[in-house]
Amino acid sequence: MEGIAPTAGESFTISLDAGGPVPEPASWALMILGFGMAGATVRRLRGIPGLSRA
297 MEGIAPTAGE SFTISLDAGG PVPEPASWAL MILGFGMAGA TVRRLRGIPG LSRA
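Convert by adding 296 to the 1-based position in the sequence shown; the result is the number in the numbering used here.
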C-alpha cells in the first residue's frame with residue numbers, strides 16, 4: 297500500500313502501487329547466462345597455479 301488518506305466523514309481512500317515492470321524471459325536468460333559465465337571464469341582461474349589476481 298502506498299498510502300491511506302482520510303476524506304470527509306467515515307470514508308477513506310486506499311491507493312495501491314503495483315510495483316515495477318517484470319523483466320522479459322530473454323532478459324532473465326541473459327542475466328543467468330552472464331552469472332554462469334562469470335562463475336565459470338572464476339572457477340577456471342582458481343585452478344591455474346601462480347596466477348595473481350588484482
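Just to be clear, a hint being listed does not mean it is correct.
Simulated restraints on C-beta separations [to be verified]: (1) P317 with R340: 29 to 39 angstroms; (2) I344 with I310: 38 to 48 angstroms; (3) L341 with I310: 52 to 62 angstroms; (4) A336 with T309: 32 to 42 angstroms; (5) L341 with P319: 36 to 46 angstroms; (6) D313 with A334: 28 to 38 angstroms; (7) G343 with V318: 49 to 59 angstroms; (8) P321 with I344: 33 to 43 angstroms; (9) R340 with T309: 49 to 59 angstroms; (10) R340 with V318: 25 to 35 angstroms; (11) V318 with P345: 37 to 47 angstroms; (12) P317 with T337: 27 to 37 angstroms.
Source of the hints: derived by calculation from the structure; they are not laboratory data.
If you're wondering where the values come from, they're calculated on a predicted model, not measured in any experiment.
The C-beta atom is built at its ideal place from N, Cα and C for all residues, glycine as well.
For the pair L341 and P319, does the Cβ-Cβ distance stay inside 36 to 46 angstroms? With a Cβ separation near 29 angstroms, L341 and P319 fall outside 36 to 46 angstroms, so the hint is violated.
Starting from the range 49 to 59 angstroms, see whether the pair G343 and V318 falls in it by beta-carbon distance. The hint (49 to 59 angstroms, Cβ to Cβ) is violated, given that G343 and V318 are roughly 38 angstroms apart.
Distance restraint evaluation - L341, I310, Cβ atoms, bounds 52 to 62 angstroms: holds, 53 angstroms
Is the gap between the beta carbons of R340 and T309 within 49 to 59 angstroms? Because 57 angstroms falls inside the window, the suggested range holds.
The hint says 37 to 47 angstroms between V318 and P345; measuring C-beta to C-beta, is that right? holds, 45 angstroms
Determine whether the Cβ-Cβ distance between P321 and I344 falls within the hinted range of 33 to 43 angstroms. holds, 35 angstroms
Against the range 28 to 38 angstroms, how does the distance between the Cβ atoms of D313 and A334 compare: consistent or not? holds, 33 angstroms
Determine whether the Cβ-Cβ distance between R340 and V318 falls within the hinted range of 25 to 35 angstroms. holds, 33 angstroms
Given the hint of 32 to 42 angstroms, check if A336 and T309 actually sit that far apart at their C-beta atoms. violated, 52 angstroms
Are I344 and I310 spaced within 38 to 48 angstroms by their CB atoms? Given a distance of about 59 angstroms, which is not inside 38 to 48 angstroms, the answer is violated.
Kindly confirm whether 29 to 39 angstroms is satisfied by the beta carbon distance between P317 and R340. holds, 35 angstroms
If I claimed the Cβ atoms of P317 and T337 lie 27 to 37 angstroms apart, would that claim hold in this structure? holds, 30 angstroms
Of the numbered hints stated above, those contradicted by the structure are hints 2, 4, 5 and 7, listed in ascending order.
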